[in-house]
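Undergrad: Chains as they are written, first to last, in our numbering: chain V, 84 to 701; chain H, 4 to 227.
In case anyone wonders, no lab produced these hints; they're calculated from the structure.
As the structure is a computational prediction, the values presented were derived from the model and not from experiment.
Any given hint could be a false lead.
Straight line, CA to CA, 25 Å or less: simulated PhoX-like cross-link-like pairs of lysine-lysine [as the list claims (entries may be wrong)]:
hint	chain 1	residue 1	chain 2	residue 2
1	H	160	V	87
2	V	87	H	178
3	V	487	V	526
To spell it out: a stretch of chain H is covered by chain V in this simulated footprint if at least three of its residues, at any positions, have a beta carbon under 8 Å from a beta carbon of chain V; those stretches are [claimed, not checked]:
hint	segment
4	16 to 24
5	31 to 45
6	87 to 99
Think of the CB as a built atom: it goes at the ideal place given N, C-alpha and C, for glycine as much as any other residue.
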Amino acid sequence: MLSKELKNILLKVQKPGRYTGGELNSVVKNRADIAVRYAFCFPDTYEIGMSHLGMKILYGLVNEREDAWCERVFAPWLDMEEQMRKNNIPLYALESGDPIAGFDIIGFTLQYELCYTNVLNMLDLAGLPVRSADRKALTPIVIAGGPCVCNPEPLAPFIDLFLPGEGEEVTNDIIDLIKKHKALGSTKEEFLKDAVKIQGVYAPSFYSVEYNSDDTVKAVTPSNGAPEKVKKRIVSDLDSCYYPDKFVVPFLEVVHDRTTAELFRGCIRGCRFCQAGFLYRPIREKAAKTVEDQCRRLCDSTGYDEISLCSLSTSDYTKLFPLLNDLLEWTEKDRINIALPSLRIDNFPEELMQKISGVRRSGLTFAPEAGTQRLRDVINKNVTEEEVMSTAKEAFDGGWTAVKLYFMIGLPTETLEDVEGIAKLAQKVVDEFYHNPNKPKGKSVTVSVSASTFVPKPFTPFQWEAQDTAGVIAEKQKHLFESNTTRKVNISCHKVYTSVLEGVFARGDRRLAEVIETAWRSGCKFDGWDDVFDTEKWTQAFEKCNISPEFYASRQRSFDEVLPWDHMDYGISKNFLINENKRAHEGVTTPSCREKCSGCGTNKLNGGVCHALCKSMA
Amino acid sequence: MRSVRVWLEKSGRAIYTSHLDLNRCMTRAVRRANIPLWYTEGFNPHPYLMFPLPLPLGQSSDGEPMDIRIETDMTDGEIFDALSRVMPEGFTVKSVGEPKDKAGDVAMAQYGITLEFPDSAQAERTAGVIRTLIDGGELTAEKTGKKGRMKVVKEIKLNDFIHRFEAGSEDCYVKISAVLSAGSTVNLNPALLLDALYKAGDFEPVYTEIRRQKLLKSDFSDFE
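Okay, chain H solo, but in the shape it has when bound (with noise of 0.2 Å):
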């Protein structure tokens, strides 16, 4: 048995598959290759497939990691070729390698943003108007947590999880680029944070589009 980390890239129509239909689906496609996973064992055996940072749905990603546990002695070359040719619409394999970093090492993730505008000085406008609003670090957002049992709605400093963030216009468009808190412990899915600019600031795109470029660990290297 050896632990293997698949680096996939999800777009286009894939986008919309939940995390939970993700793992099935995934499940489903190492058994097209057939790669033997490995099962847990127990009363109720299962096989071991993982995503360490579940991507929200709506959003697209350069490079997702998910960890199998396989029994074969198959190489990373061939358990890449086996799962590329069985892969649905919208999921490249975009490499296969070993695990170097512990899921637990996730602390942030790299984002890139595109909103659609009616014109070119809208977009302009609006880039203007999120600067301010993230450099006022005044931002909230309400999320839902639990307190024991009880469901609670609490306020949250978006600030706090801001690590680095740049906003610019080009046509009708704005483009951000960010570095967002990320993993199991503290996590700002980036769509939070563009309701909130659009709140604060009163403003909606037309069109929105986020993808997920690349994980980080607290040092700002990449998790590998």
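This is chain V alone, in the form it adopts within the complex (with noise of 0.2 Å):
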């Protein structure tokens, strides 16, 4: 239970239902009986990681474990943070309330670049030392999973192994090995010696390092048996893998408070911008039947009244219709609405449009992501100017009269004209409305354009180009606001500085981890908050350390340059991104996976199998 000591400080603090735990669904074990203790740390606040599915995932696989105990931790908002330090509270686990530093296995999920300073400072809050060689013992071992892993290195000396790819096989594997080094007295690097001999297992300490005169990478090389390239680890079969029946159902809202339903992985749009469109691969589908026994069983559990049908493109599940069919059966009759995000409204059935809209309607939302069909053709996402209007036709013959439109700024090779491109496809949907003879009497439109700035990532055909300067961005921002014409149109755009640093760890190498350390020892924290982020404290951390953010940016590499990540064996073969980069900036497109495969790599991750290609699988 709580000691008085935190309840006095809950009731000093926002939100104090973050900090108590006792959530239903929450798992409570008895110490006494397990054998590895695992800390699964957010590291931003409770109602993000309250949302994340893989946090969910891994919670209830590694629950499932007799002889393991997995418990949440998040950052703690700034409020209790000063309550905590001033009370000499360290950052503990919300289920059993214990402090994370005596467990054995502390777990960050790394889902976005700007929360890198959040993990030092919950490492900190532990109690522990944030580099990986203060930490002498074999345990709390410090590991991390998620997307920001497929270019670890800015975070090297803090985390003891990074595991790219997906977590449910390789976690049981750590534990099991934990377990045995446990039992055995092992030292910290007899357990790494061992750990590294496993599937998708980077122990950076293990590596070391030689740059060029230019600063850049001239060869990383192992040691310690560790292997030369580390491969991702994936499942292959999402049917018979482990999904959660229970979600911990939080007190206080969250982003995403919901049942949350995974259709498949992977995508086979190969837009050349998005990261995760090429991290995740290869495609593989789950059986309807699957889907529908899963939403079944976490409605129950849960009492959610809705379900949200996850993936990258949810218009692309071969099963959808049969699926929503089935699952219209019983959530009409359970009053559970169904969310599908990221959807393509066009050649969706009207009839089960109708039926889905039919609980509850909120806007509309499409992401053409550039203005004009040339910038679109370059960055491969196929969507014509004829396809965004006959979806906002549709959309507003159907009454809705609010229309969100997603674009980049800072795309290879935009120019102004594209940028009022943005501008002018919004003006476009504006007119659209207002010649619909069906549109809404007596309302008006809304179109809200989100602008927000293009980030180039490792593992996509854009990993080599020069990301626009700040001064750049900023002008194309401008530029695009005096575009704007109507009041119809409502322009946001992201701050400059935020994704110029996200940029900079993205493609970073180790000697940033310097740089990431003294902006945290100055105060920097939760970076991805627009309200806390510190642009001073960041520029002198920079300074301090002297490094140019703008060598890791803005910087176009060559196609030979040795990459901080090309270490890291994600199935991608690096001749097929050289290839997408060409042919980007030749703007020619390239099919769907689904039409014609373009020869990736990553089939070999699944013994060959790829369910883009097969869709009698499954």
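The two chains are supplied separately, each in an independent frame; assemble them into the complex guided by the hints.
TA: As structure tokens, then:
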């Protein structure tokens, strides 16, 4: 139960429900029965972490084991951190309330680059040294997974093991191994040497990095029997793979508070800017029956009245219509709403659409990503202006009056004309509304344009590209605002400097660790939060470490440069990425994986199987 | 369709659930219990579930009434069993029955308050200070209210809302039993009263617990 000390603090902070635990379906075990204690850390607030599907999966998976106990830990918000430090309360896990410094495994999920300072801050709040080298004991061993692990180098000195790829299998491997070495009384080094024999385990301390005189990477050399290339792990069969039948149901409202079903992993689209579209390949689908059963069990155990059908591009799920029909048989009766994020509504049967939107109706979103057809071809976003217009028309016919459009600024080869194209396209959607005889009477239209900043990411065809500098982005944003002539269109843009920082860490190397630590020591945390982010402190940190952010963000790389993440193997062939990059600059699109395989190479991770090609599977 | 009043004990970690969150949390519990809720009709149908007197965050309660409307012929006993099986930690179903009084009939609430001090002498002394302050009748507190659209800070005389008050000490604790105005029109949050006492008496306990024991009607009879 909560200590009096903690109870006193809880009434002094916002949203104390973030820090109490005790939610429905949270798992409490008897400490005496447990061989391995696992603190699953999400380096952001409770509301964001509790919305994350990966955490729900691994939490359930570890807690299925009788010998292990997985607990949740989130980054305390500023007010709570202040109280914890003032009262000497170390970072604790929500289920037991025990300080995590005494756990065997501390696992972080790295979902975005701007959470890196929070990782350091959480280790420090736990009372642990932030650098691996200063944590001499076998436990706690600090591990990290998630998409950012595809280039883990900026965090290399802080984390003991990185786990690239999907966590379902490797998590159990690591738990088994730490259990064994605890029993043997091994040293940390003995454990690490054993751990790197497992596929998908990267021990950064076993790799030395040499640099050229121009500061680029010369070579990365493994030692202690660690592999030259660390190959990511994937789950081959999603139908037999573990999926929780219970979610922890939070007391307070979190970002995504609902049943989430995963339809498939990977994406057939190959949009060249999209890291997720390449990182999660090859395509593996779940059978409709599996999805439906999982939804049913989760709704029963949580009481949620909404199901979200998730994946990178929901409408590309080959069994979407049969699944929806099956689900609707009981969801309508039980008043459960079905949400379809990332859906293309062209070619969507009207009847099904009405059934789904029957319960509740919000706005409509669409992501053309770029303002002109030329640029959409460059990024391989195969959406035409006609499709945007026909979608808008359908939406207005159906009574919608709010449309959201997502774009990016700073894409490779972008000109001011392309930026202007964003405003023009938004204007055309507004015009479409007024030309529509079936438009809702007496109502005005709102088109919200969200223009984020493009950040080149590893393992995409744009991984060699220079990111626009802060000055250029600011100029383009200004141009976009000036190109807009109507009040029916609302434009919002991202903060420039946070995108630059994201770009630096996304493609950074080990030397950035010092900058991260310096910035954190000067007080940086929650960098993804605009109201907390401190540009000044970050600028000073780079200066103090004598490191130029431009070297990492706004430098064009050549195809033969050794990239800091070249020793990570995500199954994607470099030649495929080079070829895609060249096609981008020629303005040539690449068909979706379902139309024609373009040979990315990731099917080798799965014994040659990719569901984009063999639709008969599952 | 019929109305049912469920009485819930709220304690432990559950006391940090705010009113808004409690609504959502209980709607889900009722769904898990497979009790079909009656939905409001209209453009945006929602299940009928309400708390006649929301409990402030951080306070526990012996019995909070929760009113629901259901579409089923389940008996009160069946509802009791079904709900008891699905309650989250910190919530206990005490009883289920027909709502006898209207939500608006709540006029007062009885609270048990425990203040902890470093030692018994300090507790005894503070109990005396508290009694003197209450008897003096001069306690005030600032409350933000609305005047039209403007937000205004107004001073309220707390004694107008205190109907019964006893304070005594026991070891290092001051134990208070109080009946305070409660309801949708006049309501005195005991936390506000405590803050006024701390300020006027210049003391602060090391730990505080507030528990709502029951709701009363204007004639001091139990709200049922």
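Undergrad: None of the hints should be skipped; say for each whether it holds.
TA: How the hints compare with the structure:
At roughly 32 Å between alpha-carbon atoms, residue 160(H) and residue 87(V) are farther apart than 25 Å, so this suggested pair is violated. Using a Cα cut-off of 25 Å, the hinted pair residue 87(V) and residue 178(H) holds, with the two alpha carbons roughly 17 Å apart. At most 25 Å may separate the alpha-carbon atoms for a hinted pair to count; residue 487(V) and residue 526(V) meet this at roughly 17 Å. With 7 residues bearing a CB less than 8 Å from a CB of chain V, the segment 16 to 24 of chain H meets the requirement of three and the coverage assertion stands.
Residue count for the segment 31 to 45 of chain H with a Cβ under 8 Å from a Cβ of chain V: 6. That meets the three needed, and the coverage hint holds. Only when three residues or more bring their CB closer than 8 Å to a CB of chain V does the claim for the segment 87 to 99 of chain H stand; here the count is 4, and the claim holds.
Consistency with the previously given hints fails for number 1 only.
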